[in-house]
Amino acid sequence: MAIRILVGVKRAIDYAVKIQVKSDKTGVVTEGVKHSMNPFDEIAVEEAIRLKEKKVAQEVIAISCGPPQCQETLRTALALGADRAIHVEVAGKDYEMLQPLAISKLIAAVAKKENVDLVLLGKLAIDDDSNQTGQMVAGLLSWPQAVFASKVDIKDKKAEVMREIDGGSETIRVKLPAVITADLRLNQPRFANLPSIQKAKKKPMAKMSPKDLGVDIKPHQEYLSYEEPPKRQGGGRVASVDELISKLKEKGLI
Amino acid sequence: MYSRQILSRLTTSTIRSRCFASTLVLAEQIEGGKLAPVTLNTLTAAAQLKQDIDCVIFGTEKTNETANELKKFTNCNIKKILLAENAGFKGLLSESVTPILLDIQKKNNYTHILGGSSTFAKGVLPRLAALLDVQPISDITAVIDKSQYSRFIYAGNAILKLKSNDPVQIITVRGTAFEAAKQGGGSGEAQIEKVNSTPNNDLSEFVSRQVQQSERPELASARIIFSGGRALKSKENFKLLYDLADLFPGQATVGASRAAVDAGYCANDLQIGQTGKIVAPDLYVAIGISGAIQHIAGMKDSKVIVAINKDADSPIFAIADYGLTGDLFKVLPELTEKLKKK
Numbered sequence: 063m064a065i066r067i068l069v070g071v072k073r074a075i076d077y078a079v080k081i082q083v084k085s086d087k088t089g090v091v092t093e094g095v096k097h098s099m100n101p102f103d104e105i106a107v108e109e110a111i112r113l114k115e116k117k118v119a120q121e122v123i124a125i126s127c128g129p130p131q132c133q134e135t136l137r138t139a140l141a142l143g144a145d146r147a148i149h150v151e152v153a154g155k156d157y158e159m160l161q162p163l164a165i166s167k168l169i170a171a172v173a174k175k176e177n178v179d180l181v182l183l184g185k186l187a188i189d190d191d192s193n194q195t196g197q198m199v200a201g202l203l204s205w206p207q208a209v210f211a212s213k214v215d216i217k218d219k220k221a222e223v224m225r226e227i228d229g230g231s232e233t234i235r236v237k238l239p240a241v242i243t244a245d246l247r248l249n250q251p252r253f254a255n256l257p258s259i260q261k262a263k264k265k266p267m268a269k270m271s272p273k274d275l276g277v278d279i280k281p282h283q284e285y286l287s288y289e290e291p292p293k294r295q296g297g298g299r300v301a302s303v304d305e306l307i308s309k310l311k312e313k314g315l316i
Numbered sequence: 002m003y004s005r006q007i008l009s010r011l012t013t014s015t016i017r018s019r020c021f022a023s024t025l026v027l028a029e030q031i032e033g034g035k036l037a038p039v040t041l042n043t044l045t046a047a048a049q050l051k052q053d054i055d056c057v058i059f060g061t062e063k064t065n066e067t068a069n070e071l072k073k074f075t076n077c078n079i080k081k082i083l084l085a086e087n088a089g090f091k092g093l094l095s096e097s098v099t100p101i102l103l104d105i106q107k108k109n110n111y112t113h114i115l116g117g118s119s120t121f122a123k124g125v126l127p128r129l130a131a132l133l134d135v136q137p138i139s140d141i142t143a144v145i146d147k148s149q150y151s152r153f154i155y156a157g158n159a160i161l162k163l164k165s166n167d168p169v170q171i172i173t174v175r176g177t178a179f180e181a182a183k184q185g186g187g188s189g190e191a192q193i194e195k196v197n198s199t200p201n202n203d204l205s206e207f208v209s210r211q212v213q214q215s216e217r218p219e220l221a222s223a224r225i226i227f228s229g230g231r232a233l234k235s236k237e238n239f240k241l242l243y244d245l246a247d248l249f250p251g252q253a254t255v256g257a258s259r260a261a262v263d264a265g266y267c268a269n270d271l272q273i274g275q276t277g278k279i280v281a282p283d284l285y286v287a288i289g290i291s292g293a294i295q296h297i298a299g300m301k302d303s304k305v306i307v308a309i310n311k312d313a314d315s316p317i318f319a320i321a322d323y324g325l326t327g328d329l330f331k332v333l334p335e336l337t338e339k340l341k342k343k
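Chain order of the listed sequences is A and B. For the first sequence, this note's numbering begins at 63 and goes up steadily by one. For the second sequence, this note's numbering begins at 2 and goes up steadily by one.
Each hint should be verified, as a subset may be incorrect.
Said to hold, decoys possible - Calculated cross-link-like contacts (lysine to aspartate or glutamate; reagent style DMTMM-like; alpha-carbon spacing at most 20 angstroms):
no. : chain 1 : residue 1 : chain 2 : residue 2
1   : B       : Lys162    : A       : Glu290
2   : A       : Lys220    : B       : Glu206
3   : B       : Lys108    : B       : Glu194
4   : B       : Lys162    : A       : Asp189
By construction, these hints were calculated from the structure, which means they are not laboratory data.
Produce the complete structure using the sequences and hints provided.
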């Protein structure tokens, strides 16, 4: 039994970049800003590749929904070891307003079309911080979900998944086909080396549109404004432990 | 003519009752049948919608006890508490809970469904939203009106105000952004009603749960947090933080940065940050934490922040109300001794 995996990757502003809100409040500055693969998706890709190396998976398909630049993100997934890629192209204003529900419908449609046994996604994207897509894909497909996974073990058409929960962790067993979302502790992603980056250029990448997949991507929400969070008036210093204690006492904190 | 009038009045009243806006709160049960603290923050957010509130509690047992606790919040306009109790809800798996929740929604047509930002609600509510074809709203920090909300994006570095055009708004509430509801203060008497709920789930099963035991308060409800980073250098040295926390029994606990968790100095459920817990205690003491964006996202709403770090240029000092530059291995023992004598 070897399964087929669809792994979702999102192109997002690099996690180390301090983002800037546009002065007209219409968004966040993205032009000329370093982008990379969403860190949780790197973990999802790594897990898919490991499952292939363990011969649990026979094929790993990477998918990304977004503008043409997403192809770079998909090439990265291919360099890491995915077999082929699917780019669902959504550009311009449509992409700016592309919401997790629409993305879930696109991923669910491709999962059905490609007849996969497992959809692996990151638990959230570090730009919109929604933490919804995996759960919605599972809902749309009526598949079980194992979200916030920190350990995955697949045998006999079942996945045993340890997941991070409030106050500890738990283990559940889900029947395949299923959706799993990766938490940070699932694994340590590898780096792509030069030969595999070269090789990735020759791997197949299919392009599709939401229309091809019969998915309506109309936004359900309007984004009214983007604002800077209130700045903290920090920067105060104390010279000694005694001064610190007396300040905290003054404030009634201790 | 007369009868037509009655008829039309009847029709109007039926329509009115059907269109009457109301809110469903996914109330959470924790160990021993207690009400999860995050439910109280969620009730505050729900009350801001100014509609009647129904609550639903899922559990394998003692949902009645949880409901009795919830009933004490008489000022929250809770009309009904629905109990979905069944041994089949073991582990509260999304595949068991979501179909029942969907039935409840179909019967009652709530305009708003809210849950706290817990791992349980984050698992269930988006799944429910997909089945209702609505775009959920995660981790709101403010209710502007019945369809507009604020939420943080980019790890708390920007605030997005959005308007939902969905007929049912499915929302998770960031606990630290809303005060906990207070008991009493009203005359409302919530009715308790059992929901006929037999989960029918052959997709998933619960295997086991590993809970971290601690005498100290939960991170989310602690008044004081002593939080350690990589500079603590070892698991053993984390004891320095526990010694400090234990000087404030029932009020203080210990947290950690991701670097400390990754280095294996403490359990991962202590992690504070974008990928861990979001906290907002009265006093947050960051010890040997440099202040990466990812960590700051989890604690920047603390009332007072103290930073203790040997590197005077650490970014944490820019947001700290009181920064002390020094070696934590000298500062912490001194702090512990002096606090003992206070």
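> Do the alpha carbons of Lys108 (chain B) and Glu194 (chain B) lie within 20 angstroms of each other, as the hint requires?
Replying inline: OK: Lys108 (chain B) and Glu194 (chain B) at ~14 angstroms, within 20 angstroms.
>> For a C-alpha distance cap of 20 angstroms, please report whether Lys220 (chain A) and Glu206 (chain B) respect it.
In response: Holds, because 11 angstroms separates the two Cα atoms, which is no more than 20 angstroms.
> When you check the alpha-carbon spacing of Lys162 (chain B) and Asp189 (chain A), does it fall within 20 angstroms?
Replying inline: Between Lys162 (chain B) and Asp189 (chain A) the Cα gap is close to 15 angstroms, so the pair holds against 20 angstroms.
>> Need the status of pair Lys162 (chain B), Glu290 (chain A): alpha-carbon distance at most 20 angstroms?
In response: The hint holds at about 11 angstroms.
Checked against the numbered hints listed earlier, the structure breaks none of them; every hint is satisfied.
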